[in-house]
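A.B. asks: Following the hints, position chain B against chain A.
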Amino acid sequence: MFSELKRKAKQLKNLYKSQQKTAPGQNEAAAQPEPIPVTLTEIKEKLSSVFTGCDDFRTREIFIGKSQKKCLITYIDNLANNELLNNNIVRPLLLTELPENFILENSSKLIEILADRVFCDSSIEMKDDWHKTIESLMSGDTVIFVPGNSKALVAASRGWEARSVSEPQTETVVRGPREGFIEDIGINCALLRRKLKNPNLKMERITLGRESKTPICICYLQGIADQKLIEEVKSRLSKIDIDAILESGYIEEMIEDAPLSFFPTVGNSEKPDVVAGKILEGRVAIISDGTPIVLTVPYLFIETLQSSEDYYSSSVTSSFLRAIRIVCFYVSILLPGLYVALLGFHQSVLPLNLLLTISASQEEIPFSPLVEALFMGLTFEILQEAGIRMPRAIGQSISIVGALVIGEASVRAGLVSDPMVIITATTAITTFILPPLQRVLPFFRLAFTVIANVLGLLGIFLLLIAMVVHMCSLRSFGVPYMAPLAPFVPADLKDVFFRVPHWAMQTRPQSLTWQETSRVKGRLPKNKKGLSPKK
Amino acid sequence: MGKSLRRIGLVLVCNLLLTGCWDNIDVSESHYVTAMGIDRAPDGLYELTFEFPTPILTGQNKEGSGGGGGGEQKSVAVVTTKGDTLYTAARNIVEKLARKVIPSKMELLIINEQVARDGLMEVFDFMERQQDTNMVANILLVKGATAKEIMQVESLQEKIPSQHLMKSIKVNQDNLGTSKEARVIDIIKEVGLPGRDPLLPVIEIEQRAEPLKVKDLGITGSAVLKDGKLVGYLDGVQTKSWLLIEHKGKISLYSVPLAEAEGNAVFEVISTKATKKVEFLHDDKPKFIIELKVVGNIGESQVSIDLTQPERLTSFKAQVAQIIRKEIENTLLTSQQYQSDIFGFGSLIYKKHLTQWRKMQDNWAELYSKAPYEIEVTVQVKRSGYTRKSIEVK
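Protein sequences, first through last, are from chains A and B.
Mapping of the first sequence onto the working numbering: position 470 corresponds to residue 1782, and the numbering continues sequentially without gaps.
Mapping of the second sequence onto the working numbering: position 175 corresponds to residue 690, and the numbering continues sequentially without gaps.
Same shape as in the complex, but just chain A (with noise of 0.2 Å):
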């Protein structure tokens, strides 16, 4: 299966490095400036012709104060906000008190005058281009076609309805800040701004997606993130050619390095202040218009043992969280595996009374461990993906029937052993320890446990090393995906298995940027020979 896709993936590689020695001058057409026409009626039949079906599109024709010269105001309704509209466009362009000779004395220049001294909008800006006009006016920007000139006026008039920002409904915390990323960009670019009051964080706008038109933001600090990083997200994300960006997973997907593998190279949060951090560690971050989850790469291993809420609580006890974070990754994946090949391989290494104790309960069980396994697993990811699915309304009836199936009845009816039922509950509880990897933590817990029943503590130990070389040879955008622990970079261990507090975390990740960088001023440490890379 994983042949088959490499396959593919290989040939679209072929043909997307065909596709660019050709495509070239394909692009600069399609680039080419259009200009915008000179006459209300010229303009009108080609809005009429772009916008046929659009029932939403809206074009007002008014007079310029009290002369008898006219402009064509455009917008999309519910997308530009009415009031704005009214007040800033409207109102002020038919009450001006220009004098009608001194409009039309200016004709040619009266586009500029309209712009500098009528309309009440701050961001107001002229465009040539009509292939651009329109994109803002799809955005939601106001657009007014003024006779006589081959340029159009775009007024900012965005204002549609969007959710307010709220505490997100994943990544809790106990202690820090509760809101969290909306669906709007520009809100979620301020709410980031707010953050990191600084100059040096530079936000740069792309646009991808041929029909979405998705606006994207590249954010990262200047002189913190390494340029090399900066040009690889950008170059990576500039090849993206797909017709729509709905949701930053698709960016994600595109951009990442090792799109088969089952580890995350790509990381994403739903919160600024989590977002922030990773900015000022070095890291670049893709905000995607349309969604709530940003994007931060490169992403390490390591990130998925942190969690924000340990730089706000005491480092002792943040470090002690993170050692049963490490705990629960190991439990999560291996407890099943460990069970089937104790109770098929190894019974000896059991205490004779917890032995006795575990096979007594098997005595009655008419399946094998591995089949007990299995289907206690597969029936915890039912119910948990029909609790994700199914309308709040009846999420009780489902964690009834849950503790029912699960524990009490198939039990009862000799199906599963008591220990096997400890034992999903157990891996169950500590997948959720870990967010970003709940998603693939069943698959090795499967892998494991399916090498367990065929080959014993070998058949997991040969796996468990297998998934670690797996992991060294990793890498996210140039960084490798087990530093700082493989390539070893001791600095970096303050904040690896333990958080050292504030105070002595001096300098931001070597293994991230490759350079040293003092967190605190004037505190770099004893010149040390720089860190380079190792290719």
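Note that these hints are calculated values from the structure, not bench results.
Glycine included, every Cβ here is placed at the ideal spot set by N, Cα and C.
Don't take each hint at face value.
Ranges of calculated distance between the beta carbons of each label pair, as one might list FRET restraints [unchecked claim]: (1) A:Thr1691 to B:Leu671: 37 to 47 Å; (2) B:Leu671 to A:Ala1778: 45 to 55 Å; (3) A:Glu1693 to B:Gly707: 53 to 63 Å; (4) B:Val810 to A:Trp1815: 44 to 54 Å; (5) A:Glu1693 to B:Cys529: 32 to 42 Å; (6) B:Ala613 to A:Glu1693: 34 to 44 Å; (7) B:Arg521 to A:Arg1319: 27 to 37 Å; (8) B:Cys529 to A:Thr1691: 36 to 46 Å; (9) A:Met1515 to B:Val528: 40 to 50 Å; (10) B:Asp742 to A:Val1780: 47 to 57 Å; (11) A:Ile1700 to B:Cys529: 37 to 47 Å; (12) A:Ala1816 to B:Arg521: 22 to 32 Å.
C.D. replies: Just chain B now, with coordinates in the frame of chain A:
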């Protein structure tokens, strides 16, 4: 450093692959042996007795099953087989069972006196050669009865009788000192060591009853081996002295008759420090020296005794030292009588004076039995219990 780290890492990774047995065993398709008894049948064949716990009855306390429907159902099954060798006898058990027998959980090995007299080397060979036997199983020697009889015993406290016996050996060693724990792996080591003979704990039926309960049995004293064969017994007191010198026991008690009046005080040993030495006399014959420092408390006093008086304390200490010395002497003399080097003086010579050992190893048994000895015991009274003086009736 990087290179050596990498090498160490590689070795550690290889270790992960050494995870043990390869074949799959289904838990509900196996019987776990918890104890094995070895007897010699009258026809000369080996008679093996196995104890299997019944998981349903031992493992769980489910509401339904304990209730009483089953009545007096034993939580273990005891099965006996025969064979000309241990291995064939052990394999013959398949005739009587429906499941595979797993010996890896066997925690007690009960050996009949007669088998031990004929030699235990075959038993040790069997234990060592099989890949899934439990090498840390305890050995227990039955005196005056068969292992089969002992294994029919019923325990009131433990679900598995052999667990009761096994635990009581350890408890006895730690709190009373009249018995001595012996694990298979340790005994095999001691047998293989030059100039050292092992001791095994002994169990006896004190009172014959039907059915036999654990309280009818007595675990006291120990069996002396020589060249892997049983040659005699030490009683409980002698075992206690042996434990004192070998630092195996934790607490042992001595009754000390007091001069003040008719009555005893109890001296409770809490820690010891023993040094064994071998000196060579002019004719190159060995002389054994045992120096023992004993620290203890007064556990009980039947008559009033005032140890705050220095003179009284000194005389009391001397008295205790005398008692302990006598008992050690008695033990040593008994072992000399059996010509069995239970204190390992021979191995001391082997380790420190190899050339001398080479000369005397052939007739070591005889040299041992005739060697002169010197025993020195010093006693320290740490606390006279939680009172300084006895309560005085006024």
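A.B. asks: Now, for every hint given, state plainly whether the structure supports it.
C.D. replies: Hints and how they fare:
{"no.": "1", "hint": "A:Thr1691 to B:Leu671: 37 to 47 Å", "result": "holds, 43 Å"}
{"no.": "2", "hint": "B:Leu671 to A:Ala1778: 45 to 55 Å", "result": "holds, 53 Å"}
{"no.": "3", "hint": "A:Glu1693 to B:Gly707: 53 to 63 Å", "result": "holds, 56 Å"}
{"no.": "4", "hint": "B:Val810 to A:Trp1815: 44 to 54 Å", "result": "holds, 51 Å"}
{"no.": "5", "hint": "A:Glu1693 to B:Cys529: 32 to 42 Å", "result": "holds, 36 Å"}
{"no.": "6", "hint": "B:Ala613 to A:Glu1693: 34 to 44 Å", "result": "holds, 37 Å"}
{"no.": "7", "hint": "B:Arg521 to A:Arg1319: 27 to 37 Å", "result": "holds, 36 Å"}
{"no.": "8", "hint": "B:Cys529 to A:Thr1691: 36 to 46 Å", "result": "holds, 38 Å"}
{"no.": "9", "hint": "A:Met1515 to B:Val528: 40 to 50 Å", "result": "holds, 46 Å"}
{"no.": "10", "hint": "B:Asp742 to A:Val1780: 47 to 57 Å", "result": "holds, 53 Å"}
{"no.": "11", "hint": "A:Ile1700 to B:Cys529: 37 to 47 Å", "result": "holds, 43 Å"}
{"no.": "12", "hint": "A:Ala1816 to B:Arg521: 22 to 32 Å", "result": "holds, 30 Å"}
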